[in-house]
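Engineer: What follows is the residue order along each chain.
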Amino acid sequence: MKILAIETATPASSVALGVDDELLAMSFQVDRRGHVGFLVPAMEFCFKQTGWKPADIDAVVVDVGPGLFTGIRAGLATAQGVAAATGAQLVGLTSLDALAFRAATGHRMIWPVVDMRREEVAVAAYRPVPGGVMKEGAPEVVSPAGFAGLLDATDSDILVVGDHQALPDGTLRGLHRVRTGRPRWPSADVLLELAAGRLARGEPAAPDEVRPLYLREPDVVINWKDFREEAAWKQG
Amino acid sequence: MSDESPVVLGIETSCDETGIGVVAGSKLLSNVLASQVDQHARFGGVVPEVAARAHVEAIRYLTHRALAQAGLHQSDLDGVAATRGPGLVGALVVGYAFAKSLAWALDKPFVGVNHLEGHLLAPMLSNAGFEPPAVVLLASGGHTVVIHMKAWGEYESLGATIDDAAGEALDKTARFLGLGYPGGPAIDREAESGDPAAVAFPRALADRPYDFSFSGLKTSLITYVREHRDAGTLPAISDVAASLQEAVVDVLVEKTFNAVDAMGVKVVGGGGGVMANRRLRQRLEEESSARGVKLFIPDTELCTDNGAMIAMAGAQRLTRGETTDLGSDVSVSLRLGA
Ligand SMILES: [Zn+2]
Numbered sequence: 639m640k641i642l643a644i645e646t647a648t649p650a651s652s653v654a655l656g657v658d659d660e661l662l663a664m665s666f667q668v669d670r671r672g673h674v675g676f677l678v679p680a681m682e683f684c685f686k687q688t689g690w691k692p693a694d695i696d697a698v699v700v701d702v703g704p705g706l707f708t709g710i711r712a713g714l715a716t717a718q719g720v721a722a723a724t725g726a727q728l729v730g731l732t733s734l735d736a737l738a739f740r741a742a743t744g745h746r747m748i749w750p751v752v753d754m755r756r757e758e759v760a761v762a763a764y765r766p767v768p769g770g771v772m773k774e775g776a777p778e779v780v781s782p783a784g785f786a787g788l789l790d791a792t793d794s795d796i797l798v799v800g801d802h803q804a805l806p807d808g809t810l811r812g813l814h815r816v817r818t819g820r821p822r823w824p825s826a827d828v829l830l831e832l833a834a835g836r837l838a839r840g841e842p843a844a845p846d847e848v849r850p851l852y853l854r855e856p857d858v859v860i861n862w863k864d865f866r867e868e869a870a871w872k873q874g
Numbered sequence: 010m011s012d013e014s015p016v017v018l019g020i021e022t023s024c025d026e027t028g029i030g031v032v033a034g035s036k037l038l039s040n041v042l043a044s045q046v047d048q049h050a051r052f053g054g055v056v057p058e059v060a061a062r063a064h065v066e067a068i069r070y071l072t073h074r075a076l077a078q079a080g081l082h083q084s085d086l087d088g089v090a091a092t093r094g095p096g097l098v099g100a101l102v103v104g105y106a107f108a109k110s111l112a113w114a115l116d117k118p119f120v121g122v123n124h125l126e127g128h129l130l131a132p133m134l135s136n137a138g139f140e141p142p143a144v145v146l147l148a149s150g151g152h153t154v155v156i157h158m159k160a161w162g163e164y165e166s167l168g169a170t171i172d173d174a175a176g177e178a179l180d181k182t183a184r185f186l187g188l189g190y191p192g193g194p195a196i197d198r199e200a201e202s203g204d205p206a207a208v209a210f211p212r213a214l215a216d217r218p219y220d221f222s223f224s225g226l227k228t229s230l231i232t233y234v235r236e237h238r239d240a241g242t243l244p245a246i247s248d249v250a251a252s253l254q255e256a257v258v259d260v261l262v263e264k265t266f267n268a269v270d271a272m273g274v275k276v277v278g279g280g281g282g283v284m285a286n287r288r289l290r291q292r293l294e295e296e297s298s299a300r301g302v303k304l305f306i307p308d309t310e311l312c313t314d315n316g317a318m319i320a321m322a323g324a325q326r327l328t329r330g331e332t333t334d335l336g337s338d339v340s341v342s343l344r345l346g347a
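Heads up: the protein sequence lines correspond to chains A and B, in order.
Once you know that position 82 of the first sequence is 720 in the working numbering, the rest is easy, because the numbers rise by one and skip nothing.
Once you know that position 147 of the second sequence is 156 in the working numbering, the rest is easy, because the numbers rise by one and skip nothing.
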């Protein structure tokens, strides 16, 4: 099965092409604002390497978040464009899954971190199992102190991966069971591997089930003063 | 450009409407829209993150519907166009990224279109005879600008608002009056039974022939209401709405025809959501016929943000052999003619 993978949920963007879980071509860059300009040229590069045409693709896998909202939407819109043009099926995976999967070695529990800005991070716990990882609970958005509290409350050895550099200095200090490691960013080659497994097990989602995983409500600043003025007329 | 080619799909996501349209040359084949007005109404204005989220939910389905309504398969397209700017970055990205990858995967040319050029060319979609040289007034919640269209693709912005857009001023004043969101239609309805001469609201920037300023309108409304409420001399709300509307319409019409007279054109166009205002349309028609110039205002659904106008502008650029690099990004403050 020929798979195109698209990753833009963090400052790192990447595109990969492969047959099942075998990587054939990949393009990668780190530029927080570069997602939209990167994607099509990166796809062109990968297709040129493999000699494939877009119509050859069986599935498009895309990172649906959590992460940068605009990046997530750029990736998902791009994946939808390719899927609409080619009829390829769409698969959505999370950035936390991709980070944990790449880090899956040893015995430590894996806690991937994705920066959500405004002094919050998205995290989730994964247990290494033969051939991958098993998620232990739903992803959540926490403050750095809240994250330290979650780690402190477990009694296992822990590997923190992902963008832990986004945490303030000293956040993990004193947590003796915790080590930090790589990767820092999710990447398309990992999505490819994860999706190949999922497709082989016959688990693809319907296209409209592949939606962004924001984990935060939209920011709405209501001008309450203006809203109260509405009543001015009726009182008068 | 011949009348019925090229066949172009246009995608518009610069603000709060997901608009997809298909044209064949200057012929409209389909125009579908997912409006988010209800989603934004409870906040009294457009919330950028809410807009961006709604676009990503709607875009694939709407594209499918626009093609189906046009009776076309995507392989029938000669090109894909999308709004590149100006607009809200998170909203623009959705349509632009989708359109680029769709064009690339279909192996069709891609054109990034200036949103304002879409509005400028929209009159062609429902009227034969709209052509340069012309003066066009674009008035919406996002922009208020008078443009001299010298030739196809050659535009000069003569003047614009220095603060709020006309639609924004109507939204703000309607909200103060408790008339709801969006403000334009609410004021239009309320003004119907009111006296436009009841209150003398200011007409700003009389000394600058083509520029607008609407930010003072809300302040003078608030001052007026407070003073007259205390004195117990508040007129009917319909009179206030009609007077406000007249103040906005007066300057829009005056500055447009300042440009018509100075440029000596015989064709006038209108676009943007504020063009739905009945009083504005009536006044533009009166002034046009008094001068013997031809007025072109598209149907309301082609005045407000829509995909067909983007498809139309894209078709014209494709005909001139212009395409846009697939490595390009959106441009939130894209200038007309850039
Ligand atoms: Zn507009």
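Treat the hints as calculated values from the structure; they're not laboratory data.
Treat each hint with caution, since some may be false.
Unchecked claim - The calculated label-pair distances, taken between Cβ atoms and stated as ranges, are:
#1 B:R74 x A:P679: 37 to 45 Å
#2 B:A169 x A:G835: 38 to 46 Å
#3 A:G835 x B:D85: 47 to 55 Å
#4 A:R820 x B:T332: 35 to 43 Å
#5 A:R765 x B:A169: 47 to 55 Å
#6 B:R74 x A:K691: 53 to 61 Å
#7 A:E778 x B:A50: 28 to 36 Å
#8 A:R854 x B:A169: 44 to 52 Å
#9 B:D47 x A:L813: 45 to 53 Å
#10 A:R839 x B:A169: 34 to 42 Å
#11 A:A693 x B:S166: 41 to 49 Å
#12 A:T743 x B:G330: 33 to 41 Å
#13 A:D669 x B:A50: 44 to 52 Å
From the three backbone atoms N, C-alpha and C, an ideal C-beta is built for every residue, glycine too.
Engineer: Each hint needs a verdict: does it hold in this structure or not?
Structural biologist: So, going through the hints one by one against the coordinates:
| no. | hint | verdict |
| --- | --- | --- |
| 1 | B:R74 x A:P679: 37 to 45 Å | violated, 30 Å |
| 2 | B:A169 x A:G835: 38 to 46 Å | violated, 55 Å |
| 3 | A:G835 x B:D85: 47 to 55 Å | violated, 38 Å |
| 4 | A:R820 x B:T332: 35 to 43 Å | holds, 41 Å |
| 5 | A:R765 x B:A169: 47 to 55 Å | violated, 60 Å |
| 6 | B:R74 x A:K691: 53 to 61 Å | violated, 27 Å |
| 7 | A:E778 x B:A50: 28 to 36 Å | holds, 31 Å |
| 8 | A:R854 x B:A169: 44 to 52 Å | violated, 36 Å |
| 9 | B:D47 x A:L813: 45 to 53 Å | holds, 47 Å |
| 10 | A:R839 x B:A169: 34 to 42 Å | violated, 58 Å |
| 11 | A:A693 x B:S166: 41 to 49 Å | holds, 43 Å |
| 12 | A:T743 x B:G330: 33 to 41 Å | violated, 55 Å |
| 13 | A:D669 x B:A50: 44 to 52 Å | violated, 37 Å |
Figure legend: structure checked against the earlier numbered hints; hints not met, in rising order: 1, 2, 3, 5, 6, 8, 10, 12, 13.
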